[in-house]
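**Q** Sequence:
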Amino acid sequence: MITGGRIDAVEGKKKKEDEFKGLNINISVDGVSVSGENVEVSYTYDANYADDVGFVRVKGVIIAKEDKKLAKEIEDEWKKSKKMPDVFAEGILSAINYTGSANGIFVARVLNLSPPLVPQRIQLGGIGTTKK
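Residue numbering for the sequence shown follows our numbering, starting at 1 and increasing by one per position.
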């Protein structure tokens, strides 16, 4: 369960005046640290505007508390493959997406860029798979 988070850095730049043609959102998980039941996920949220018009970047940490078994699974999978279990990753990626979008709006407004709107909740799974 996500218990908190913080933003450590915000950066933005408008490189040129141009009409809005598109936006690419990229979420990078930079690191995972586990201490008992506590899990911290550091991330970078990038909103890059098409045709190199500009960008908004938010770096931060999402903090979660999980049962020890899941916390250990998260730690082991991260160390092994730099991935997180889907059951955990969905909530974390959605929280990063929401936090980056919601706070990125303020940076975009100052730079007169279109806001990086909050897309739908992130769901992981293969093509054509459904959750039960």
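Derived from the structure by calculation, the hints contain no laboratory data.
Small disclaimer: the values here were computed from a predicted structure and weren't measured.
Keep in mind that the hints are not guaranteed to be accurate.
[To be verified] Computed cross-link-like contacts, BS3-like style, restricted to lysine-lysine with a CA-CA straight-line distance of at most 25 Å:
| hint | residue 1 | residue 2 |
| --- | --- | --- |
| 1 | Lys59 | Lys83 |
| 2 | Lys69 | Lys59 |
| 3 | Lys15 | Lys69 |
| 4 | Lys72 | Lys83 |
**Q** Taking the hints in turn, state whether each one holds.
**A** Each hint tested on the structure:
1. Lys59 / Lys83: 19 Å, holds
2. Lys69 / Lys59: The given pair, whose Cα atoms are some 28 Å apart, is violated under the 25 Å limit.
3. Lys15 / Lys69: 47 Å, violated
4. Lys72 / Lys83: The hint holds at about 13 Å.
Violation of the numbered hints given earlier is confined to hints 2, 3; the remaining hints are satisfied by the structure.
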